[in-house]
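Enquirer: Now for the letters of each chain:
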Amino acid sequence: MSETPTEKALQEFLSEAQEIVEAFNRDLLALDDQRAAGSFDPEVINDAFRAVHSLKGLSGLFGINRMTALSHNLENLLDSLRLGRVELQPATLDLLFEAVTLFNRIVSETASGVTGDEGMEQVEDLIARLDRVALRKESANDASPWGGWELDASLLSVLTEYEEHRLRENIKSGRSLFRIHAAFDLMTIDKGLDELKARLKPLGEVITYLPSAEAANDQQIELDVILGAQAELRAVQEAVVGTGAIVALLPKRNGSAPVMRPAAPPTATLAPQAAPNTFAPVAAAATSGSGSSGSGSSGSAAMNASAVVGKAATAGVAGATAIGAARIDRDEEELTLKSVAQTVRVDIRKLDNLMNIVGELGIARAGLQQLLDRVKADRQQTKLARDLHHELRSLSRRLDELQAGILEVRMVPLGQVFDKLSRVVRKISRDAGKEIRLSIAGADTELDKLIVEELSDPLMHVMRNCIDHGIERPEVRRAAGKSEIGIISIRAEQRGNHVVIQIEDDGSGLDEKKLVQKAVERGILGESEARELGRRDIYNLIFLPGLSTKDIPDEMSGRGVGMDVVKTNIARLSGIIDVESEPGAGTRLTLTLPITLAIIQALIIRAAGRTFAVPLNSVLESLRITQRDVRTIERREVMSLRGQTLPLARLERLFRLERQDLGGVPQKQYVVVVGLAQHRIGILVDELMGQEDIVIKSLGRALSNIPGIAGATELGGKKTVLVLDVAQIVEEAVASGGSEAA
Amino acid sequence: MSDSRQRVLVVEDSATMRGFVTATLESGGPFTVTQAESGFHALKILPRGRYDLIITDINMPDINGLELVRFIRDSEQHKTTPLLIISTDGREADRDRGLKLGANGYLTKPFEPQQLLDIVRGLLHLG
Numbered sequence: 000m001s002e003t004p005t006e007k008a009l010q011e012f013l014s015e016a017q018e019i020v021e022a023f024n025r026d027l028l029a030l031d032d033q034r035a036a037g038s039f040d041p042e043v044i045n046d047a048f049r050a051v052h053s054l055k056g057l058s059g060l061f062g063i064n065r066m067t068a069l070s071h072n073l074e075n076l077l078d079s080l081r082l083g084r085v086e087l088q089p090a091t092l093d094l095l096f097e098a099v100t101l102f103n104r105i106v107s108e109t110a111s112g113v114t115g116d117e118g119m120e121q122v123e124d125l126i127a128r129l130d131r132v133a134l135r136k137e138s139a140n141d142a143s144p145w146g147g148w149e150l151d152a153s154l155l156s157v158l159t160e161y162e163e164h165r166l167r168e169n170i171k172s173g174r175s176l177f178r179i180h181a182a183f184d185l186m187t188i189d190k191g192l193d194e195l196k197a198r199l200k201p202l203g204e205v206i207t208y209l210p211s212a213e214a215a216n217d218q219q220i221e222l223d224v225i226l227g228a229q230a231e232l233r234a235v236q237e238a239v240v241g242t243g244a245i246v247a248l249l250p251k252r253n254g255s256a257p258v259m260r261p262a263a264p265p266t267a268t269l270a271p272q273a274a275p276n277t278f279a280p281v282a283a284a285a286t287s288g289s290g291s292s293g294s295g296s297s298g299s300a301a302m303n304a305s306a307v308v309g310k311a312a313t314a315g316v317a318g319a320t321a322i323g324a325a326r327i328d329r330d331e332e333e334l335t336l337k338s339v340a341q342t343v344r345v346d347i348r349k350l351d352n353l354m355n356i357v358g359e360l361g362i363a364r365a366g367l368q369q370l371l372d373r374v375k376a377d378r379q380q381t382k383l384a385r386d387l388h389h390e391l392r393s394l395s396r397r398l399d400e401l402q403a404g405i406l407e408v409r410m411v412p413l414g415q416v417f418d419k420l421s422r423v424v425r426k427i428s429r430d431a432g433k434e435i436r437l438s439i440a441g442a443d444t445e446l447d448k449l450i451v452e453e454l455s456d457p458l459m460h461v462m463r464n465c466i467d468h469g470i471e472r473p474e475v476r477r478a479a480g481k482s483e484i485g486i487i488s489i490r491a492e493q494r495g496n497h498v499v500i501q502i503e504d505d506g507s508g509l510d511e512k513k514l515v516q517k518a519v520e521r522g523i524l525g526e527s528e529a530r531e532l533g534r535r536d537i538y539n540l541i542f543l544p545g546l547s548t549k550d551i552p553d554e555m556s557g558r559g560v561g562m563d564v565v566k567t568n569i570a571r572l573s574g575i576i577d578v579e580s581e582p583g584a585g586t587r588l589t590l591t592l593p594i595t596l597a598i599i600q601a602l603i604i605r606a607a608g609r610t611f612a613v614p615l616n617s618v619l620e621s622l623r624i625t626q627r628d629v630r631t632i633e634r635r636e637v638m639s640l641r642g643q644t645l646p647l648a649r650l651e652r653l654f655r656l657e658r659q660d661l662g663g664v665p666q667k668q669y670v671v672v673v674g675l676a677q678h679r680i681g682i683l684v685d686e687l688m689g690q691e692d693i694v695i696k697s698l699g700r701a702l703s704n705i706p707g708i709a710g711a712t713e714l715g716g717k718k719t720v721l722v723l724d725v726a727q728i729v730e731e732a733v734a735s736g737g738s739e740a741a
Numbered sequence: 000m001s002d003s004r005q006r007v008l009v010v011e012d013s014a015t016m017r018g019f020v021t022a023t024l025e026s027g028g029p030f031t032v033t034q035a036e037s038g039f040h041a042l043k044i045l046p047r048g049r050y051d052l053i054i055t056d057i058n059m060p061d062i063n064g065l066e067l068v069r070f071i072r073d074s075e076q077h078k079t080t081p082l083l084i085i086s087t088d089g090r091e092a093d094r095d096r097g098l099k100l101g102a103n104g105y106l107t108k109p110f111e112p113q114q115l116l117d118i119v120r121g122l123l124h125l126g
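Residue numbers (numbering that gives the first Met the number 0), protein chains in the order written: chain A, 0 to 741; chain B, 0 to 126.
One should not assume that every hint holds.
Stated by the list, open to error - Lysine to any residue pairs mimicking SDA-like chemistry, simulated, CA-CA at most 20 Å apart: (1) A:Lys-171 with A:Gly-203; (2) A:Lys-426 with A:Leu-437; (3) A:Lys-196 with B:Pro-60; (4) A:Lys-7 with B:Ser-26; (5) B:Lys-78 with A:Glu-213; (6) A:Lys-200 with A:Ile-188; (7) A:Lys-7 with B:Gly-27; (8) B:Lys-78 with A:Leu-154; (9) A:Lys-7 with B:Gly-18; (10) A:Lys-190 with B:Asp-12; (11) A:Lys-196 with B:Asp-61; (12) A:Lys-200 with B:Asp-61; (13) B:Lys-78 with A:Gln-218; (14) B:Lys-78 with A:Ser-156; (15) A:Lys-200 with B:Pro-60; (16) A:Lys-481 with A:Gly-508; (17) A:Lys-7 with B:Ala-22; (18) A:Lys-190 with B:Pro-60; (19) A:Lys-7 with A:Glu-108; (20) A:Lys-7 with B:Thr-21; (21) A:Lys-419 with A:Leu-101; (22) A:Lys-190 with B:Asp-61; (23) B:Lys-78 with A:Asp-217; (24) A:Lys-200 with A:Pro-41; (25) A:Lys-251 with A:Leu-232; (26) B:Lys-78 with A:Ser-153; (27) A:Lys-196 with A:Ala-230; (28) A:Lys-7 with B:Ala-14; (29) A:Lys-190 with B:Glu-36; (30) A:Lys-200 with A:His-164; (31) A:Lys-419 with A:Gly-441.
Worth flagging that the hints you see were computed from the coordinates, not collected in a lab.
Just chain B, same shape as in the assembly (with noise of 0.2 Å):
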């Protein structure tokens, strides 16, 4: 892809959730968004994909989002995409695991389209 599009990836497993932030970023900015409904398939898409930004839920059942997040900062491919994780308020604990297995920041549901914008644009550095 040679455009200056941004490709992100989704992992969350509820639709509308996944539905909202998929929206949001395509209509908000030059963003192209793939979308996994679960951690594994997360795990099919991942090493067939070239992703600029990773967006990933923590609670998810089978493969968690930390699993994720640890696979994600390990894997020679996208050992340095920028990763998001998308957490709730009352799950800091795990909030916090997810932060030092290496993602680069963390959005608390609920959040506005604004905030997931600004944060996205921060991580890839976009005016």
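So that you can see chain A by itself, here it is in the shape it has in the complex (with noise of 0.2 Å):
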């Protein structure tokens, strides 16, 4: 045992420390939208409770101090919210928001090595302000009896503080407490429960679950569940009908206070003597140094409370061990392995390294079938050749889906970025003063893990520039004869191997004649350029770095933070982006981003005499076209394409090769055409010769530098060939070719 934890352990403690934030988060968004009806769910807010609680239990474990100020602060404020004395203001719910980006900012500090008190002032401060806003209420209720109801001691006493202040808000309200008695069998006890909860929810509030032990045995469990509800026996009966309980109103009588009957059993007496004052919080442990034998420096207070404490104890353990001697159990053991967690984390670069292995397979697998081939081309081996087929045909189906198991693996829902931009939009659009409601559909959409990290920063971008510039002030869409509300959707969808991400704001649309104005003032564009730019090309021009159609620049602008980032990062998980706009009606900017990044579909061409694979994510069409479509404008080669112009590449003029078949230019060709973020061209090639999955490897230092290849992979055969970078080529083309090429 050592005595600071393991990395592994850090490791763990922060990733179910961000999964507890991300839940704080919603809770908080929820509890935001409730603010509006006016009343808040006090499951809502127990909850946020109890997520800053457990940070609090987690983070004081492993030493992060700045954390544990933080939640114990938080859990003191929202303990007193959830209890009723203090009410939740909005200015309160800011500071809760701040919070969350606060213990994000502590989880990723940490993760890259802050530790102890480092950062502490942002966290003093916040605590400081979050007292500042936290008036207390005069709580001279809780003394208040039971209103009448005959709440026997038994019942009260399991009670935690907080499910007794449910109840008292439960009667204060005027609703009836309802007891429902129900059996469950061990073994489906969660499926009838969650059935159980499902219907009673509806009708009150469950305050409490009360187990009954005389009842259990081996096979089966009996539970009172506490419920508040609005509502006659007969409804709650009605509620549950099938599922075996029985509904009881508990009673309620003339008197005011209930009859307190002793609910604890004899050891109870001994223990709450001992234990309070020598088990005084962390103080007298903090000195654990050694960790000796037992004893060791940690603090003798503890000892002696240990002491104390075991005495009280003795028949305990003596008569646990004789009922055990009676009875060994292999059920037991069944059970428990089988109900233990079911998830496991994972690091992600184990996962890579497996989907490496696939890669290895798969390239196996080819060079299996070209071997095949060869037998099959011998006459004598048929039957041999078709053995061979069959055993290979099984070996690829399982291959496939191996490759699809481990894919699944490393996808995680959208919904984990949507969170955040919930949160974001929230403080931007306060912050901007407009009002703006965010829709968010398909949450559900499943994405490789590093992509749905890395799109956080462009989505966030995004919602900026849809807020700063998007989206009008209230006065302004009021005149234009809109709701004052702005909307924000964002929707995601699979479609194939592509995920597409819709964001549309229904704000002011993009000003073409502006857009063009700043470009040209800017020195991006010529005059005479401008002129000819097509609609697509002028909506692009909000990708260029520093062009704001904003005449002022505003705090966002003035950092220099636009879309050009948001491009950046789409082109570098090759996504492609779409905008379209609607004067006065909003823009909407689509997506496509592929799903995964670890093994690629490929399209393998010749070009030049050679062998080259084309990631299929980029790639948006292949047309074939004769030597007549190619024209060539101020010594670009560009062809019409749906009447846009596209300008073209030929990879033998990009890596300088010479083209080694001498037949001179053929007539026919083919066109790829492909696209990266906002751009398109279209590479010149000679044969399209089929599509291959393919894990790209590195070509190693001395060639990594070759601008437009991307890497190597083997196709069957132990061939090598040389994967595309299309970004890297679309970025050169754009770049001879000037801003037209867009």
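Hints given; two lone chains; assemble the complex.
Expert: See the structure below:
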């Protein structure tokens, strides 16, 4: 046992902390939504409380003092909120959202090695502000009796402080109290309970669950559910019909206070006296240095205390052993193993490694396929060829399943990013003085974990842009006959091997004239060039660095954070961006992203007598053309594609290759249209050879800097081909052709 | 089980905390730990198990630690099994209720591994 937590334990903690912070954020968003309705769901406040409560306990284990301090204060605040001692103010909610940001920062800084109290000032600052807004309510009510309800002490004694408060609140609001008695088979208790919960929830609030030990055996468990509901007994009975549960209205009586029957077993009297003053929190054991042989330096107070408490338990140990000796139970072992947590956390690099191995297997498979072709060619070996073919096919199928399985493990829902976006939108729109509703669809669409993480920055910038530049100020919207509340909608859906994310605002749309004017002013465009731009080319100007149509640079554009960052990020993920806009009605951005980057599909082509692989993610279409379709404008080859001018690139020119086949330029050619972020170009190729799944290998340091080459991959038969770096090729083509090539 | 290892049931909804308690006990003494990730989960395991010690968190969703303490104390099988509750500072009221219901001791989060081992050894009368 080590004193400092291991790296692995810390990693696990950090990912759990991150999950908790995300859940906390969701709770806050829910509360924010409920604010409009005027009343908060106590369960959500309690969930938020539990989140910071867990963070506090966990961060304390790892000595992350900033997180402990922050969560300690939030816990106190949320505890007061859930116990009704403090009212939730909008300002408080704002500060809680700030706390989410701060938690996230602490998590990521801890992950990168920041320790101790560094950055504590920010925490202290936030705590000080929290203290200022949290106004205490007079808590006169808690002494109030049980409103005439006869609640026996055995019920009251097992309620936590919070549950007791909820019980009082339910009584105060005039609800009736019901006791629902149900029996569950141990094997199916989870399902049974979920169903019971789902039926009771619409009626009111489940205050607590009381398991009954008397009726428990190794087959089933009986439970009492305490429900507070504004309902008649019959309604509750109807709600649980078919579950076998029995509903009773808790008795009411004329007197005020319930009879307090002692409910605790005999041992109880010992413990409270012994424990409270001896196991004082941390201080006693903060010195636990050596950890040697139990007694060490770990604080004598704790040792003494253990001894005292131990005495109380003497009888317990003996008793338990006696019972245990009587039954040695196999089933128990199985049950235990089965029911422990069903998930594992895995370092994504391990999955990368597995993916690589699958990639290698794919290459081996292609090699086998070629061997098979050779065997097939031998007439003497038809039987062998047939058997080999059969085996290879089943190997192939399993390999595909394996690959799909590993890919699936890497998938996470986009909702993870969308949750963060809601928070950002809320903050920015408030700062900007605009009211905005964010509507999200397709949050369960899944993408490779790495891609989802890389998406959060660009999506954040897109949101900023929608709010700062897209959605008009409320008075402007009113004047234009629109609702004052702006709407940004995000829709995600899977289409084949891609995920398409559309972000749409109902703002003013892009101002083409202004965009062009700005670009000319900045010297990005010549006057004559500007006149020739198509609509799409104009929209694409927004991706140029430092081009904002806002006349007064605001906080955001002042920082130079703009759509060029979005373009760069999306391009890095081999994504494609499309912009559409309607003046006065809004702007729509469509991001098309590959589902994964781990294994990619590639189009195998031949050009200049050599074979290349083009990542299919970037390929929009392939066309067959003749030499006559290619025109030369200003010494650049272009062709016309559905009315748009498409710049063309030749690989032999790009890589300065001699054409190997001397047959001259073939009459028939193909154009592979590739897109990256907002750009489109065509690559001229001689032959299309089909699609393959490939794993890109690095070329090693010596060759890693060849522009236009992303790496190499092996095809069947140990043939190595180069994989084109579409991003660089497009950029090269665009750069040499000026902005018109956009 | 005839060997001298002590069987401990840990009921805690945080995976990290569960892992911490388990690792501390299993590497720090003759303990074999069974984990339960919620009060319900514990209810499922308890009727079929024999434990020398039960450790439970208080603040858990649905079935809280107090309800579990009472369940354990009321059950024929576990009524004398030593019971340790893990609480957090600021939640003294809940902790005291747990002790009243028959828990034998408590530890306040956060705690050091040695603190946990000391109190567990004390409860089990190990040297």
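Enquirer: Under the criterion that the straight-line Cα-Cα distance not exceed 20 Å, is the pair Lys-7 of chain A, Gly-18 of chain B satisfied?
Expert: Since the Cα atoms of Lys-7 of chain A and Gly-18 of chain B sit roughly 11 Å apart, the hinted pair holds (cutoff 20 Å).
Enquirer: Is Lys-481 of chain A within 20 Å of Gly-508 of chain A, Cα to Cα?
Expert: 14 Å, holds
Enquirer: Please work out if Lys-78 of chain B and Gln-218 of chain A have their alpha carbons no farther apart than 20 Å.
Expert: 19 Å, holds
Enquirer: Take the C-alpha atoms of Lys-200 of chain A and Pro-60 of chain B, compute the straight-line distance between them, and say whether it is at most 20 Å.
Expert: Measuring from Cα to Cα gives roughly 15 Å; hence the hint holds.
Enquirer: If you draw a straight line from the CA of Lys-196 of chain A to the CA of Asp-61 of chain B, is it 20 Å or shorter?
Expert: 10 Å, holds
Enquirer: CA of Lys-171 of chain A to CA of Gly-203 of chain A, is that 20 Å or under?
Expert: 14 Å, holds
Enquirer: Does Asp-217 of chain A sit within 20 Å of Lys-78 of chain B, going by the straight-line distance between their CA atoms?
Expert: Within the cut-off at roughly 16 Å; holds.
Enquirer: What's the verdict on Lys-419 of chain A and Gly-441 of chain A, does the C-alpha distance respect the 20 Å limit or exceed it?
Expert: With a Cα-Cα distance of about 15 Å, the restraint between Lys-419 of chain A and Gly-441 of chain A holds, given a limit of 20 Å.
Enquirer: Hey, Lys-7 of chain A versus Ala-22 of chain B, does the alpha-carbon distance stay inside 20 Å?
Expert: Distance ~12 Å between Lys-7 of chain A and Ala-22 of chain B Cα, so the pair holds.
Enquirer: Is it true that the CA of Lys-190 of chain A sits at most 20 Å from the CA of Pro-60 of chain B?
Expert: 16 Å, holds
Enquirer: When you check the alpha-carbon spacing of Lys-196 of chain A and Ala-230 of chain A, does it fall within 20 Å?
Expert: Measuring from Cα to Cα gives roughly 16 Å; hence the hint holds.
Enquirer: Between Lys-419 of chain A and Leu-101 of chain A, is the straight-line Cα distance small enough, at 20 Å or below?
Expert: 13 Å, holds
Comparing the model with each earlier hint shows no violations; every hint is respected.
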